[in-house]
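Number of protein chains: 2
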Amino acid sequence: MVETVGYEDGVVRMLDQRRLPAETAYLSCRDHHQVAEAIRDMAIRGAPAIGVAAALGIVVGVRSLGADATPAAFDAICDELAATRPTAVNLFWAIARMRERHARERAQGGTRLAEGLLEEALAIQAEDLAACRRMGDLGAALIPDGARLLTHCNAGALATAGYGTALGVVRSAAREGKVRLVYADETRPYLQGARLTAWELMQDGIPTTLIADNMAGHLMARGEVDAVVVGADRIARNGDVANKIGTYTVAVLAKENGVPFYVAAPVSTFDLATATGADIPIEERAPQEVTHHGGRRLAPEGVGVRNPAFDVTPHRYVTAIVCERGIARPPYTESLARLAAGV
Amino acid sequence: MVETVGYEDGVVRMLDQRRLPAETAYLSCRDHHQVAEAIRDMAIRGAPAIGVAAALGIVVGVRSLGADATPAAFDAICDELAATRPTAVNLFWAIARMRERHARERAQGGTRLAEGLLEEALAIQAEDLAACRRMGDLGAALIPDGARLLTHCNAGALATAGYGTALGVVRSAAREGKVRLVYADETRPYLQGARLTAWELMQDGIPTTLIADNMAGHLMARGEVDAVVVGADRIARNGDVANKIGTYTVAVLAKENGVPFYVAAPVSTFDLATATGADIPIEERAPQEVTHHGGRRLAPEGVGVRNPAFDVTPHRYVTAIVCERGIARPPYTESLARLAAGV
Numbered sequence: 001m002v003e004t005v006g007y008e009d010g011v012v013r014m015l016d017q018r019r020l021p022a023e024t025a026y027l028s029c030r031d032h033h034q035v036a037e038a039i040r041d042m043a044i045r046g047a048p049a050i051g052v053a054a055a056l057g058i059v060v061g062v063r064s065l066g067a068d069a070t071p072a073a074f075d076a077i078c079d080e081l082a083a084t085r086p087t088a089v090n091l092f093w094a095i096a097r098m099r100e101r102h103a104r105e106r107a108q109g110g111t112r113l114a115e116g117l118l119e120e121a122l123a124i125q126a127e128d129l130a131a132c133r134r135m136g137d138l139g140a141a142l143i144p145d146g147a148r149l150l151t152h153c154n155a156g157a158l159a160t161a162g163y164g165t166a167l168g169v170v171r172s173a174a175r176e177g178k179v180r181l182v183y184a185d186e187t188r189p190y191l192q193g194a195r196l197t198a199w200e201l202m203q204d205g206i207p208t209t210l211i212a213d214n215m216a217g218h219l220m221a222r223g224e225v226d227a228v229v230v231g232a233d234r235i236a237r238n239g240d241v242a243n244k245i246g247t248y249t250v251a252v253l254a255k256e257n258g259v260p261f262y263v264a265a266p267v268s269t270f271d272l273a274t275a276t277g278a279d280i281p282i283e284e285r286a287p288q289e290v291t292h293h294g295g296r297r298l299a300p301e302g303v304g305v306r307n308p309a310f311d312v313t314p315h316r317y318v319t320a321i322v323c324e325r326g327i328a329r330p331p332y333t334e335s336l337a338r339l340a341a342g343v
Numbered sequence: 001m002v003e004t005v006g007y008e009d010g011v012v013r014m015l016d017q018r019r020l021p022a023e024t025a026y027l028s029c030r031d032h033h034q035v036a037e038a039i040r041d042m043a044i045r046g047a048p049a050i051g052v053a054a055a056l057g058i059v060v061g062v063r064s065l066g067a068d069a070t071p072a073a074f075d076a077i078c079d080e081l082a083a084t085r086p087t088a089v090n091l092f093w094a095i096a097r098m099r100e101r102h103a104r105e106r107a108q109g110g111t112r113l114a115e116g117l118l119e120e121a122l123a124i125q126a127e128d129l130a131a132c133r134r135m136g137d138l139g140a141a142l143i144p145d146g147a148r149l150l151t152h153c154n155a156g157a158l159a160t161a162g163y164g165t166a167l168g169v170v171r172s173a174a175r176e177g178k179v180r181l182v183y184a185d186e187t188r189p190y191l192q193g194a195r196l197t198a199w200e201l202m203q204d205g206i207p208t209t210l211i212a213d214n215m216a217g218h219l220m221a222r223g224e225v226d227a228v229v230v231g232a233d234r235i236a237r238n239g240d241v242a243n244k245i246g247t248y249t250v251a252v253l254a255k256e257n258g259v260p261f262y263v264a265a266p267v268s269t270f271d272l273a274t275a276t277g278a279d280i281p282i283e284e285r286a287p288q289e290v291t292h293h294g295g296r297r298l299a300p301e302g303v304g305v306r307n308p309a310f311d312v313t314p315h316r317y318v319t320a321i322v323c324e325r326g327i328a329r330p331p332y333t334e335s336l337a338r339l340a341a342g343v
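Chains R and A are the protein sequences, given in the same order.
Quick note on numbering: the first sequence equals residues 1 to 343 in our numbering.
Quick note on numbering: the second sequence equals residues 1 to 343 in our numbering.
Just chain R, with the same shape it has in the complex (with noise of 0.2 Å):
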């Protein structure tokens, strides 16, 4: 499996995935605006993903400050990965984590301040990577054989440290002989389905069939759909679901056909602090996504344009949830609370 973000010698080094699957070419980052510049541009993408580069991007700000790195610098640093994207929790989680590991070694002195920051972001990366395989092996459970499965996005090794957490129930559950057929949802406007998950799932060798994303309710209605999975971006305490825009849209539908849905998303994606769906920020990107396709403009010019990149999913549309500590089931608020605190 490609590696999506690693760590070399002062180097975060990124699969730059905008050039997928065309080219694999990758993107070395030697200081925190690369990094978030990487992520603002969507060169990486996928809430674990980006939460492991901000990580090894504050690794990578404070090594190049060098002795100008103040607590007031470390903070600067923070904050502009911060800024990037608004909607993945999973970056302000291992942001807030590095903070922490920060303040640890500050107040025991500051010695082995870079050394610390970048066990920190190492941990993160492979506990995610851990996290991934766990739950790939529990939702696989949910999977019957034979399965068509249908998925949004990509919520692959291609989102995560590896291994993937939608992809990673798909590819336990390939292992277990349980796939026929994976429809990827070409996830317009940036086709994060048709570049990415298409091209992974083909790696692996996978039975991918590439749909556009308004195929996907045709194929529920002739009974062609087992079982949804997908990722999230982030979970509010009551199990509603922030992912990739359209997401809401395949759960109405998976529901109004009797098709089971599930999320799966580390821990890291659960933002217990947030009540409903309804708190969670959407990020509205750029009109060219919409207007513009393999580079050329195909929409009038001047035409209004709305590109909100994500959407909520109400949790009474989510069958399940599946993280690397079990699986979720409504009512979510207990659920997910009590697999929170790991009881």
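Each statement offered as a hint is correct.
Chain copies aren't distinguished; within one or between two, either way the pair holds.
Simulated pairs of lysine to any residue, SDA-like, Cα-Cα distance not exceeding 25 Å:
id, residue 1, residue 2
1, K178, G304
2, K178, R306
3, K255, R316
4, K178, L138
5, K255, A141
6, K255, T276
7, K255, T319
8, K255, R222
9, K255, L142
10, K178, R134
11, K255, A140
12, K255, A278
13, K178, A141
14, K178, G258
15, K255, G223
Calculated from the structure, these hints are not laboratory results.
Given the coordinates of chain R, work out where chain A should sit on it, guided by the hints.
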């Protein structure tokens, strides 16, 4: 308003919709083969428009054969045009009408065959334009003041002899000052919404906001859509509606969010010989429409693709069906039969 399709001096002239909105270019078809190719390759599309194009295609086909236009040759022309696209019933309806006229002219000696066929084709065209204007005015009564409407695909002047079905309703409602905004689903894979509907509405000065198909649900859930208006390619006896892929999804979302879902289509779209939507053939088109964007391949080579061009919206999701003779409400088996009979 531009002319979608017209006839002059042995030539069927049609706006090449594949090149919109970048270019306003016209195709000149001098025989039925060229018209068939234009329909198959979607230079012209939209159920009523391809009905008119096929009728005019028969006219130039017969004309191009001259003295060789035997009854068998006439049948071959009709068969070739009927084989272009399977889902929209107006195509078969228009061809059947031309066959009847042909039989009538033959029965009367055939001296006015060419003129009679041209007369019939131009009548089909004129009646469609009149039907659109009438259903637009009738349908406008359904639209509330200050409406934020949503439409899918292009059911506009470009899809008809002029004025449009769904966009006819929008135009009439806009003339009455009722339309605050129209959300145009971009309508993957062929982008009729982004390329055609946005262009058409902007030409008329109607405020238009383009969205990706998977954003419609998000806007409805936030209370930002007051009504949906779409066209139809075929309406079964029980009110099930075949229309552009993605229509079913919009209808399910509308129902889930308490948004009225209106279909506007001429009586020529009713197919009372077909009992339910399950009996309507659904065209599957080339995978390249999904894998390529703006002429560039963006999905990996070798990925499986599904590309159904239409879906069926069961009648239980349809609030009302507007045609040129009135507004049908459930139960549709009765209301459609009554309107089709003209009583």
